[in-house]
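*Asks:* Each chain, written out:
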Amino acid sequence: MTALFAPKSVNEFSALLVECGERKKHFVAGGTDWLIKTRGNISDEAAVFDMSKMPELRGIEIIDSSLRLGAMETMTSIHSNMAVMLNATALSDAASSMGSVQIRNRATVGGNLANASPAADTPCALAALGASVIVFSISGRKVLSIEEVLGSCPNTNTLLPNEIIMEFCVPVRKGYVSAFKKIGSRSEVSIARVNMAVSAKYEGETFSDARVFVGTLGSAAKRCLGAENTLALDPSLREQSFKEALCEFAEQMIPGRSTLSYKKSVLKALAEDLLGMLEERVRVSEKSGEESHG
Amino acid sequence: MDLKIELMINGKIRVAEVKASDRLIDTLREIFGLVSVKEGCGAGECGACTVLMDGEAVCSCAVPTFQADGHDILTVEGLEENGELDVIQQSFIDCDAVQCGFCTPGMIMSAKALLLKNPSPSREEIRTALAGNICRCTGYTQIIDAVETAAKRIGRCHR
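For the protein sequence lines, the chains are A and B, in the order given.
Residues 0 to 293 in numbering that gives the first Met the number 0 are what the first sequence lists, from first letter to last.
Residues 0 to 158 in numbering that gives the first Met the number 0 are what the second sequence lists, from first letter to last.
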């Protein structure tokens, strides 16, 4: 019969991993994807681990110049957290637009990345924010980027069988703004048809050091270097060039696919919206800076 | 290997032996007989199976039962007190917010979670809170009216 474990600490988890040896292991975070994927079909030889009882996998806090997010934090706890809203706004956007209230109350940021759906929302935002992923296994910890965890195969992550996502570290950088937006088939509770996240440094009306990631083009987070360069252009040229770079990128990622034309028009609309969001956030940020210095 | 869990369901401590693959919806319906919890899509998209877990709305079809260990679950069966319906239930009746009734328990539990946190929501806030609950009969207007009415009635009681 399938073994079921609910370790209450990472130490206990490590001991159980050793005890289970080569058995196939299921690491269950919020369970929202896992239950639907497995539909009760779990091998008798497998071991299922409930990850929800380990306090080391929880918490949202600023440590030095990083925002630390425990992998078991839910979408609700993330988007309602002020430190996330202020320092990782794109992640707050992504967490608040994912699924319904019911799903946001259960789905976790670690699970969202591990599940590696190309339509996932938070990996795209985390990648744009330059987040690193702290991976734990009995042989120690390692640090990976979001793209390294996602790899190149949709719906599969690159973690080894005994590795788990423990936490995320998002750099907290002054003078940067970020935003995430998606378009799906419903106005709410929608799975993204296309999603995109941007973070950039601002100085007056110009952007630099931009990171642009697009989801749903075969992976949850593909970096678009061409679009990043256009954000540094003069504001009068920026929007058009940004749109063109995104369309060119879609052509490279999904050449000949029947949805290409749709995705290109959605990318243009998202580009417009995201630029508007970034510009508005720069205005708010500059205003609050003036007020705090005034 | 089954896991023995202990949880609070509608104010009473309950124990159960659960398997890794058990879903909370099945445990509530089949072990505890709480058939207000309805299965619609079985994929966390329709909200018919919504219950409260520690006061938060969740889709019980998307919660592994083992994760309910040590938590507090509330279903529609736990809303009635001393033979009186909860104000949300009564408002659904008074506003004709029930047609076939299949989505109603989930709608009521989502409304309960909202009003526990925000006793005087706007219509927009009600719409957002109920966005994960699908109704194929009423067109939603009466449902939103019912939640708004319940909020007003709760407000009057607390004045």
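Calculated from the structure, these hints are not laboratory results.
Check the hints yourself; a few may be wrong.
[As the list claims (entries may be wrong)] Dumping the calculated BS3-like pairs for lysine-lysine here, alpha-carbon to alpha-carbon at most 27 angstroms:
(1) A:K200 x A:K24
(2) A:K263 x A:K141
(3) B:K3 x A:K23
(4) A:K23 x B:K11
(5) A:K24 x B:K151
[What the hints assert, rightly or not] Quick list of the computed label-pair ranges, beta carbon to beta carbon:
(6) B:G69 x A:K286: 41 to 47 angstroms
(7) A:L85 x B:G82: 24 to 30 angstroms
(8) B:E76 x A:A268: 41 to 47 angstroms
Positions of the beta carbon are idealized from the N, C-alpha and C atoms, including for glycine.
*Asks:* Now look at each hint and say whether the structure bears it out.
*Replies:* Do the hints match the structure? See the list:
For the given pair, A:K200 sits about 42 angstroms from A:K24 by alpha-carbon distance, which is inconsistent with the 27 angstroms threshold. For the hint pairing A:K263 with A:K141, the CA-to-CA distance comes to about 37 angstroms; that exceeds 27 angstroms, so the pair is violated. Between B:K3 and A:K23 the CA atoms are separated by roughly 22 angstroms; this keeps the pair inside 27 angstroms, and the hint holds. Between A:K23 and B:K11 the CA atoms are separated by roughly 36 angstroms; this puts the pair beyond 27 angstroms, and the hint is violated.
Taking the CA atoms of A:K24 and B:K151, the gap is near 50 angstroms; set against the 27 angstroms cutoff, the hint is violated. Remark: the range hint 41 to 47 angstroms for B:G69 to A:K286 is upheld by a beta-carbon distance near 46 angstroms. Range check, A:L85 to B:G82: about 49 angstroms between beta-carbon atoms, so the 24 to 30 angstroms window is missed. In this structure the supplied range 41 to 47 angstroms holds for B:E76 paired with A:A268, their Cβ-Cβ distance being about 46 angstroms.
Going through the hint list in order, the structure does not satisfy hints 1, 2, 4, 5 and 7.
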